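Chain A is already provided as a structure; the job is to place chain B on it using the hints.
Residue numbers (the numbering used here), protein chains in the order written: chain A, 133 to 495; chain B, 133 to 495.
Careful: at least some of the hints might be erroneous.
Here's a subset of chain B near chain A, in silico, CB distances under 7 Å, partners left out [as the list claims (entries may be wrong)]:
1) Gly277
2) His289
3) Gly290
4) Val292
5) Thr293
6) Ala297
7) His298
8) Ala302
9) Trp305
10) Leu306
Source of the hints: derived by calculation from the structure; they are not laboratory data.
Since we're looking at a predicted model, the values are computed, not measured.
Every residue gets a Cβ at the ideal spot worked out from N, C-alpha and C, and that includes glycine.
Protein chains: 2
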Amino acid sequence: MSWQLELEHLPDLARGAALLGSGGGGDPYVGRLMVERALRQGARVTVWDLEEVPDEALVVPTAMMGAPTVMVEKIPAGGEGVHALRALERHLGREATATMPIECGGINSTMPLVVAARTGKPVVDADGMGRAFPELQMETFHVFGVPGSPMAIANEHGDVTLVTAHDNWAMEWLARGITVRMGGASLIAEYAMEGATVKRVSIPGTLSLGIRLGRAIREARERHRDPIEGLAEALRPSGYGPPRVLFDGKVEDVLRRTTEGFVRGSARIRPFTSGPPLAISFQNEHLIAEVEGEVLAVVPDLICILEAESGEPITTEGLRYGQRVRVIAITPPEIMRTRAALEVFGPRAFGLAHDYGAVAEVA
Amino acid sequence: MSWQLELEHLPDLARGAALLGSGGGGDPYVGRLMVERALRQGARVTVWDLEEVPDEALVVPTAMMGAPTVMVEKIPAGGEGVHALRALERHLGREATATMPIECGGINSTMPLVVAARTGKPVVDADGMGRAFPELQMETFHVFGVPGSPMAIANEHGDVTLVTAHDNWAMEWLARGITVRMGGASLIAEYAMEGATVKRVSIPGTLSLGIRLGRAIREARERHRDPIEGLAEALRPSGYGPPRVLFDGKVEDVLRRTTEGFVRGSARIRPFTSGPPLAISFQNEHLIAEVEGEVLAVVPDLICILEAESGEPITTEGLRYGQRVRVIAITPPEIMRTRAALEVFGPRAFGLAHDYGAVAEVA
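Excised from the complex, chain A in its bound form:
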């Protein structure tokens, strides 16, 4: 069933997408403001459920690419995503029927909405990451063999590059270099697919999941209740596991550097009571949470840091000394935990010496 995106969805979506960002993906606040402005100016955004996408439709996902620390400071003028989409349409010689997110976590939950508002194209309620991931091949689209290129990359100066790569790793490598040269952030259109393919290779319902998660956190706060129960309820229909509380404590140390187009670093969280601290490592997103070498959660499980009082998700660029936080982990849907999927975005794809299965069983 198709539905209209409304202004009142946006604060919840931004909050929920920040949670799904697993610390990365860029704070969705900027994208939220861009969509808000468009809706206030009279634009309409129609959201299509995945199953209603016509088989012969051409769906072209749009997104922002770059290090989250840069994405939230180098704010798009608004037209870059449309510029990328139009360039790819011209290259393909075919107009896109709809756009959709490549990732439902972080700023990219909202970027396709900006494109949808400006072009009048519907946006599909689905994505290819089920969270946020740092690299372009880390997509269920890729897991199922969809070529990501030709893709288009645009910046605020009107520069556009089209990349046609022999595989999706080469596409990521070249696009990352271009994005770095564009100042660390760009708008992209990639993984152009027929509707029949989209239905086979996507994670359904993740845009509305973001809205539900954000609403659950807000309502828990309004009612002075723990958000965990509401989050569990919001996650269930989308096939995610319930949130597991890993740790409560105070941020003691954050090491963060923006390098080669990524934010890399780690954080240490000291428990409120005595005991060893929790260590979290990240590449844009949180990758692994450990206490004294014991792995509590590892990618592709979502590792999320919430403000202890408000339940608001904290992204890595917002992480500060002294914050009181709760760390939770969420197991993603089955489509993201197959052997093929784990090869693309499991622990070893990030250079970690752990197998997801072993850790997930422990958890």
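Positioned in the frame of chain A, the structure of chain B alone reads:
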């Protein structure tokens, strides 16, 4: 008048193009072998004089891009230049009538010949640098306001990127980043122009100039004569000044690093007799020659290092401790010494604190 490129032209062309490379541009030897193979396999290469290019023709220059140190080691398979040309043709929706060099110095004197041999397209006897320069906007094409993009960049894996930039500096910046990600060297097609434009913005006769210069050096060696006189004769019809001998001596020190897609460094040459050494700085090409702070020659003058015995040009990547050399300078044609041209590839465009005029008058 059009003419056929013959096998016996190639050793002279490679030698002459190495001279025109002013130390950079990449050793033309690799390109020479590629053209030789094509000619031996029966390919024909027709060369068009600049004035006979039809006004309505589409001329698409082709070249190799990258640091010379990498270009001479990362040898193209042969099809990359054609791949870049075809990608740009598809993007423009129009077939190229002919190709041509963007630079007549170094390896790019021969790369368009490989494309011509493989596609059957003629090659225009002209270029946009009159020598070699390190960056894509350092073209008389650019001086006269021709946009270099859309351009295509191809590598040996079949990856292609198309860059459309808001100006030629942005094109260089993005293309350089892509070339670095492609391993430091790529094949490009850029500055697509109508024939009428090519005739207005190019330096005529520089392909045949390369052949004449190479022949002059060879014949001088065969006759045990100084090549300077023959070089002067070869240069005259193309509007270049006669070679000026700057220095004779022995290479004492070479500092060379490949960084950000360029080779940067310096060389020191000790005179055979007593006296202070000559210092040469380079960014791919030799930029300035000085003795104790006194500038003997500066870009866009060609500063060339020849083997003392044989007169063979030495490129920066071939420069070695102990070589006995003669350093000469050549003033390029008028079209390369206008105020507008010097803004693009004069000393200050390379960050040197000198004005070309002052130095040239001294020289």
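Status of the hints after comparison with the structure:
1. Gly277: 18 Å, violated
2. His289: 5 Å, holds
3. Gly290: 5 Å, holds
4. Val292: 5 Å, holds
5. Thr293: 5 Å, holds
6. Ala297: Holds. Min distance 5 Å.
7. His298: Since chain A brings a Cβ to about 5 Å from His298(B), closer than 7 Å, the hint holds.
8. Ala302: With a minimum Cβ separation of about 5 Å from chain A (threshold 7 Å), the hint on Ala302(B) holds.
9. Trp305: Hint holds; Trp305(B) Cβ to chain A Cβ min 6 Å, cut 7 Å.
10. Leu306: Where the cut-off is 7 Å and the nearest Cβ of chain A is about 5 Å from Leu306(B), the hint holds.
Checked against the numbered hints above, the structure breaks only hint 1 and satisfies the rest.
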